[in-house]
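Visitor: Given chain B's structure and the hints, the job is docking chains X, S, A and P onto it.
Protein chains in written order, with this note's numbering: chain B, 24 to 376; chain X, 24 to 376; chain S, 24 to 376; chain A, 24 to 376; chain P, 24 to 376.
Just so you know, the hints here were simulated from the structure itself, not pulled from any lab data.
Just so you know, not all the hints are guaranteed correct.
Heads up, the list lumps identical chains together, so a pair's fine if it works in one copy or across two of them.
Capping the alpha-carbon separation at 20 Å, the derived lysine to aspartate or glutamate pairs in EDC-like fashion look like this [unchecked claim]: (1) Lys-249 with Asp-219; (2) Lys-124 with Glu-265; (3) Lys-249 with Asp-282; (4) Lys-104 with Glu-114.
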Amino acid sequence: MFRDIRRKAKLAGLPPGIVLENEEQKHEPTKITVVQYSQEDYQEWKGEDLDACPLLSQGTGCLWIHIQGMPHNHLMEQLVKRYHLHPLTVEDITTSSQRPKVEEFEDYEFVTLQLLTPHKKSQFTISQINLLLGKDYVISFQEVDSDFFSPIYKRLQSTSHQRMREQGSDYLFYRLIDIIVDYYFVVLEAVGGQIDEVEEKIIVNPKPQSTRKIYRLKRRMLVLRKIIWPAREVVSHLLQAEEKRISAFTRVYLRDTYDHIVQAIDTVETFRDMLTNMLDIYLSSLTNRMNEVMKTLTIIATIFIPMTFVASIYGMNFKIPEYQWNYGYYYALGIMAIIAIVMLIYFKKKRWI
Amino acid sequence: MFRDIRRKAKLAGLPPGIVLENEEQKHEPTKITVVQYSQEDYQEWKGEDLDACPLLSQGTGCLWIHIQGMPHNHLMEQLVKRYHLHPLTVEDITTSSQRPKVEEFEDYEFVTLQLLTPHKKSQFTISQINLLLGKDYVISFQEVDSDFFSPIYKRLQSTSHQRMREQGSDYLFYRLIDIIVDYYFVVLEAVGGQIDEVEEKIIVNPKPQSTRKIYRLKRRMLVLRKIIWPAREVVSHLLQAEEKRISAFTRVYLRDTYDHIVQAIDTVETFRDMLTNMLDIYLSSLTNRMNEVMKTLTIIATIFIPMTFVASIYGMNFKIPEYQWNYGYYYALGIMAIIAIVMLIYFKKKRWI
Amino acid sequence: MFRDIRRKAKLAGLPPGIVLENEEQKHEPTKITVVQYSQEDYQEWKGEDLDACPLLSQGTGCLWIHIQGMPHNHLMEQLVKRYHLHPLTVEDITTSSQRPKVEEFEDYEFVTLQLLTPHKKSQFTISQINLLLGKDYVISFQEVDSDFFSPIYKRLQSTSHQRMREQGSDYLFYRLIDIIVDYYFVVLEAVGGQIDEVEEKIIVNPKPQSTRKIYRLKRRMLVLRKIIWPAREVVSHLLQAEEKRISAFTRVYLRDTYDHIVQAIDTVETFRDMLTNMLDIYLSSLTNRMNEVMKTLTIIATIFIPMTFVASIYGMNFKIPEYQWNYGYYYALGIMAIIAIVMLIYFKKKRWI
Amino acid sequence: MFRDIRRKAKLAGLPPGIVLENEEQKHEPTKITVVQYSQEDYQEWKGEDLDACPLLSQGTGCLWIHIQGMPHNHLMEQLVKRYHLHPLTVEDITTSSQRPKVEEFEDYEFVTLQLLTPHKKSQFTISQINLLLGKDYVISFQEVDSDFFSPIYKRLQSTSHQRMREQGSDYLFYRLIDIIVDYYFVVLEAVGGQIDEVEEKIIVNPKPQSTRKIYRLKRRMLVLRKIIWPAREVVSHLLQAEEKRISAFTRVYLRDTYDHIVQAIDTVETFRDMLTNMLDIYLSSLTNRMNEVMKTLTIIATIFIPMTFVASIYGMNFKIPEYQWNYGYYYALGIMAIIAIVMLIYFKKKRWI
Amino acid sequence: MFRDIRRKAKLAGLPPGIVLENEEQKHEPTKITVVQYSQEDYQEWKGEDLDACPLLSQGTGCLWIHIQGMPHNHLMEQLVKRYHLHPLTVEDITTSSQRPKVEEFEDYEFVTLQLLTPHKKSQFTISQINLLLGKDYVISFQEVDSDFFSPIYKRLQSTSHQRMREQGSDYLFYRLIDIIVDYYFVVLEAVGGQIDEVEEKIIVNPKPQSTRKIYRLKRRMLVLRKIIWPAREVVSHLLQAEEKRISAFTRVYLRDTYDHIVQAIDTVETFRDMLTNMLDIYLSSLTNRMNEVMKTLTIIATIFIPMTFVASIYGMNFKIPEYQWNYGYYYALGIMAIIAIVMLIYFKKKRWI
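The following block holds chain B by itself, in its conformation from the complex (with noise of 0.2 Å):
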C-alpha cells in the first residue's frame, strides 16, 4: 500500500528528473498503440518504437499514442523530444505509485491518476495513469498491461458514432478520465456488496472475525479515500483550464465527470461511517453477551453456593442436634428451598431472569 512512499524514500537526495532503471521494464516489453483520427478517417498502429511508427509525421486530426507498461529510456526521450516533456514529468511518468495530480505546463496538461481493477470480492488492485493532453495529441501512459481502454478503440473505430472523432483530443481525454472514473463505482459497488454482508452477520450473529473483517473495509475505505479525493481536485482544477485546453463542449462532460467523483467520495465518507457505526453495535453487542453470561453464572451461584453451604453444615462430623430429629433431612431440603425461592423472587424482581 505504501509503494509510493518506499519509492520516495528511494529517492532522497536525488535531484528531480532522475530515472531509476526499472527492473519491470526488462522483462515486459512495453507496447505501444498510436491512433490517429479525424472526423473522415481511423488510422491505428501497433509496435514496440515509436521512430517506427508512420502515423506521427503525417499531422492531420487526432494523435493518440498509448503505452502500456513501464516505457523504457529510450521511449522517454523520443517523447521529449518530439513533445517537449518537462524533467518533471518524466520523472513522474517514470516513477510509480504518485498521488493523482494535475500539472499545467507551457505545451501540456499532465494529470496522474489511479486506476482501480476490481479482483474477487471487495479487493482491488491499483496501478497509475499518467495522461498527458497536448494541443491535438493524447499520450496516456498505462503501468499495467490490461485492455482498459478498449472501448475507446472500438468507438473511435465505428463509424455510427461521429460525436468522439468530431470533437478534439479534448475530448478524448475526457474520455479516458470518465473511464478511470467509472471503475471507482465498480470497486464501490463490490466493497458495498460486502458491507452489506459483514453488516447482516453483525446484525444477526457477532462474531470475533467480524472485527477483522470491518479492519480490513476500513483500511481499505483509507486507500479509496487516499485515491478519490485528489482526483476531485484533479478535475475541479481541469475545469477551470483555459478554454483553448478545454472546450466548452468538453466542459459540460467534464463537469459530468466531476460530480460523479464527488458522488464517489460521498460513497466512501458513508461506507466509513457506517463501519464505524458497525463496530459500536458490535462493541455493545459484545457486552451486552458478556452481560447475560454474567447474569448465568451469578443466578446459578448465587442459588447454589448458599444450598450447598446448608449442606455441608449438615455434613459436619460434629454430633448436631438436627442429626437426631425425625426430620431433620426434610428440614434442611426445606431450608435450602427456601434459600433458592428467595433467590428466584430476588433476580425476579431485579428483571435478571
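Guide: Just chains X, S, A and P now, with coordinates in the frame of chain B:
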C-alpha cells in the same frame, strides 16, 4: 440504498449519454400531463403520446410538462428535438438515483433532487425527480407514480390564487422544489418520533434490541444526509443564477426554501448527535448493570465460600478435637457468623451494599 | 424540542405565506403596545386593536409596535397593509419555532431569534421573537407573554438616559437583540452551575444516575447550539447591512453583541467538551470499580476454593491413611495454610493487594 | 472558570456601557504609572490620581499610562474625557474576564487579552489585560497587581537599548502583547511537564487517580484554548490594521508574535490529542488487567471445582462400592489429577497460561 | 519533544532579537562552507572564520554559505552587517526548534524547516534548518553536524549536470528544501514499516505491549504532523512569492515539492487513522477474549456447582432414606448426569459451546 452505485458500475466504460433499456418502462406506461397557464387561462391535457398534445404548439403563457414513470426512448427523442436537451441531461433523466445536483445549460437549468416518500413508522422510500426550467416552460420527471404534485394543479386551476398564474415558469419551478423540501420535514418528523421513543426506552429500561434500533436510525440518518446536504448546494446554486432565469420575485421565496433546507440539515445533525449520545448512555448503562451483577455474585460468593470452607473443615474425617467439645457445633456456627459479619461490614465500608 | 419540524411537516404541500389558524390565539388575546419616542417626546399606548391607536398616524420620531402572543389574522392584515410585509414574513411570524434567521426586504430587515427563558435549575423554555426594522419603526412579535422587554420601556421613558431616544430605530432594534443575547448567558450560567455539580459528583462518588444527568445536559447543549449558532449568522449579516438601515453608531454596539454571541458559542462548545470528558471519566471509573469487585472475588475464591478442595478430600469416606495419623488434622490445616500463604504472596507480587 | 458568564448573566437587561460598582475596587487602591519617553527623554510618574500627573499635559514623545487594579469610576471619567473612550470600551475595561478581542475605534485600537500567571505545578490564574493604542499613547489596564511589565520599564529607562525609544507607541503596544504571549509558553511548559509525568505513570503503573489527573489537565486545556485561539484572531486583526496605527516596522515584529501564538495553539492541540491518547491507553490497560484477573479466577475455579466435585461424590454417605476398594483413595486422587492435567493442557492450548 | 516551548518559556519577558549565549556553541566549533558557482565556474572554501573567506568579495555568480552547528555571535554579526539580517531573523536562527515558517523581508526570504534524521526502527531526531534566499546568495544554517547536503555539493561540482549551475540561487534554494522534504518520506517509510509490524501482531496475537507501541507511534505521528503541516504553508507561501525572488523555472519544481508535502500529509493522516483503527480492533479483541474466559468459567461453574450441591446433600449426616436404597449411589450419580446434560443442552442452545 446503493442502487445508484450499482447502476453506475454497470455503465462503466460506456460513453456518456447512453440510455440503457429499462425493464420498468415496459410494465408501467409513462403518464404525461401537460398544463398551459397564463394569468387569464388554464388548460390541461393528459395522455401518453406527447405528439398528440395540442397545447405544445400554441405557445402563449407558461407550459408545464409533467412525466410520471420512466420516460421511453421515443418520448425522450421528442423532448430532445423540441427543447434541445443535452445528451448528459438525457442520461441523467433515464438513470435513476443520481446525487442531487444542478446543471446550467444554455437553454435551461437542470435539477435532480431526491423525493422522500414517508412510509409507516420512520421508514421512507427514495425516488428521483428531475426538473428542467426553460424560458417559459418547466419539465418535470417523476420516477414513481404518485399524486405528489397534485396540490400544484389545484392551485393553478383555482382562479382565486392568482399569484402562481401571474408569475412565470420560475415560480412554478420554485414551488416544485419547495414541495420536495417540505417532505424532508415529514420524514424527519417521523424519524424524530422514533428517536424520542427509543430515547425513552434507553433511559427507562435499556434492552439489547435498542442498539439495533439506534443502528438502523443512524443508518437512515446517513441516507438523509446524502440527500439533504447536496440539495442545499442545488438551491444555493439556483440563488446565484442569472436574473433572466430566476426573477428577483421568486428568488425571495427560493431563499426561504434554502433556509428550510438548512434547518433540515441542522435537524439531521442534531439527530445524529442524539443517537450517538444514546449509544454512549446505553453502553454505560450496560457496564453499570454488569457492575451490579458482578457485585451480587461477589458478595454472595465472598460471604459463603469462606463459611463453606469452615463447614468442610469440620466435615473432614480426621479425629478432630473440636468434635468432642460440648458446644463444638455452636462454636463452628459462631465462626461462620463472624466471617459473614466481617464480610458484610467490609462491603458496607466499600459502599457495595 | 422538535415542534418546528412537526409544524413544517403539517404545512407540506401548502403554498408559502399560508397562515394556519392557531388554537392558542383563541385563548389568549394579543396584547399590543405602541411606543412613539423622539429626543423630546415619549408616548405609550396599550390595547388590542391596532386601528384604535392614535400614535400610528402622527409620524414624528420612532415608532415601536410590540405584539405579545400570537397575532390574529386581522392584526396581520393591518400590518401588511401599513408596512407592506412580504407574504413570507407573514408566514414566518405566524409559524412558531423557526430557526434564527435574518431576511432583507426592500422596506425592512426581518429577524427571527429564539428567546431563552430560564426555569429552575438548568431548564429553560424556548419561544420565538420576530423583529422587524423599518425606516423609522420597529415591530416586535413575542410569542409568549412576559415582561421581557420592560427594561427598555423604562429606559425610553426616563429622561436621564438620552442616548436611546437620540438614536433612531436601529438602536432600539439593537437593544432588543442585545437583551435576547444577554439571556443566553443567564441560561448558560445555570447550565454551567449544573455541570459543576455533576462534575463534583462524578469525581467524588460516581453513580449511575449521573450518566442520565450528563445525557440530559448534553441534549440541552444540542438545543442551545441550534439556537445560538444561527444567531451569530444573523448578527453577522446585520453587521454587513447597508448604512441606511444600521448606522455606524449602532454598528459598533452590534459588533459588541456579535462578540458576546461568539463567547456564548465558545462556552457551549466548552460545555460539550466537558460533558464528553465527564462521560469518559465516568466510564473509566466504572471499569475501575468492576476491576476492584472482580479482584475481591478472585482473591477470595482463589484462596478458599483450593483450601476447600483439600478439606473435601479429607471428607471422603475412603479409608484414607492420613485419618490414622496422630496429627492428621493439623497436617491438613497446615496444607491449607500453605496454600493460603502462597496465594497471598502471589497476589502481593501481582500488586492486587 | 466561568466568572465571565456569571458576570454577563448579572448584566442581562442592562444597557451597554453600564459600570457595575465593583467590590474589589474598594479594597485595593488603583495604582497608576505614567511614563513619557522619546528618543532623548524618559520620565516616570507614579500615583493614584491621574489629575495630579504633570506628564499628561506636556505632549512630546510617547505616553504610556499603566493602571493596575480595577479602575474606579472617577479615573474612568478622566480617561473618557481626555481620550474619548467609547462607552463600550468603558464597559469592557470594568467588566473582567472578557473573551480576548480587538475593537477598532476612530481614535484608538482596543485590545482585551488574558494574562496567564503560572502557579505551582501546572496551575495558573487568569486575569484580564486591556490595552489601548492611540496616536501617541498606550493605556494598559491590568486587573491584578503584579510586576508583570517591569522588564519594559527597565528597557525604556536604559539608554543602551534605543530601539524601543526610537519607535512610536505601536512598538510599545507590540511589546506588551508579546510579553503576554510569552507567558502562554511558560504555562504550556508547566502543563507539558505535568503531562510527561502522568504519561510515565500511565505507561508504567496505571492507577485510578491518573484518570482524574488526565481529566483535570484536559479541562485546563479547554481553558487555554478559550484564551489562546481568540488571541490569534486579535493579532491577525492587528496585522491588517492601517499603516498609521501600526507601522511597517512594528508589523514585522507583530507577525513574529502571530507565529508564536500559532505555535502555542499547535501545542495546545497536541497536548489535547496526547491526553486523549493517554485515556485510551489507560482504558485498554484497565481492560487488560481485568482480563488477567478473570483468567486467574477462571483457571483456579475451573481446575478445582471439578476436583472438589469428585471429592464430594466420595464424601456421600451411600454405600459406594469404591469405598471397599483397596486403592479407592488413590483411584479418587488419580481421577482428580487427570482432571487437573486435562484442564492445564486446555489452558495451555488456549494460551491462557 | 517540547524543547521549543521550554526555550520560549525561558525567553519570556525579553525583547525580540535577543541572542542567548548557547552552551553547545562552546563545545563544537561552527563549520562554514562557502561555495561560489556560475555556469562556467565552481569554487569552494571551508573554514571557521567568515572574514578569512576570499570568495565573498568577488561577487560573480551565486554564493552559498552553509553553516553547520550553532553560529557564534561574531559570525552572526558579520552576517548581519553584510546581508542586513533583521533582528528577528537573528533571533530565529539562534533559537532552535522553531515551528516551520517563512518570512519575507525586503532583502531576502527566510525559511525555517525541521530536518528529520531517521534512526534505527521508526525513531528519528528533529533538528532545525534555516534557509535564507537573497538576490544571488543562499545562506543555510544547519543545527546539527551531518553530511546532509553533500549530494548538492557533488552536483554543483560536477560539470555534467549543468542545470543547477545554469540556474540562479532560487534553484539551489529549492533543492535544499526538496532534500529536506525527501527525508520526510524516509522517516514515514520507517514508521510505516513499524505500523505494518504492529498491525500484523494485533491481528494475529494481540498482546498488552502492542497498546504501548501504538501509543508511541501515535505520539510520533503528532510530532510529524507538527512538522509537516506547517511545511506545506511554507512552500505554499513561496509559490506565491514575487517573480524576482523565485523564477518561473524554479516555481515548477517547487510546485512538485508542494505536491510531495501534500502526499506526506496524506500519509501521516492515513497512519493516524490506521493506528486509531488498530486500537479499536485491539480493544474489541480484548473484550472478545474476556467473553471467552467468562464463558469457560460460567460453563464449568454452572455444570459442577449444582452437581456438587447434590453430592453435598448426600454427604449430610442425617438419616436419609436414600442411603438405604440399593442403588442409591447410582440414583445420585444419575441425578448429577441429568443436571450436566440439561446444562450442556442449554449452553448448546445459547450457542456458547
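Visitor: Each hint needs a verdict: does it hold in this structure or not?
Guide: Consistency of the hints with the structure:
{"no.": "1", "hint": "Lys-249 with Asp-219", "in the structure": "between (23 Å within a copy, 18 Å between copies)"}
{"no.": "2", "hint": "Lys-124 with Glu-265", "in the structure": "within (17 Å within a copy, 24 Å between copies)"}
{"no.": "3", "hint": "Lys-249 with Asp-282", "in the structure": "both (18 Å within a copy, 13 Å between copies)"}
{"no.": "4", "hint": "Lys-104 with Glu-114", "in the structure": "within (15 Å within a copy, 42 Å between copies)"}
Consistency with the previously given hints is maintained throughout, with no hint failing.
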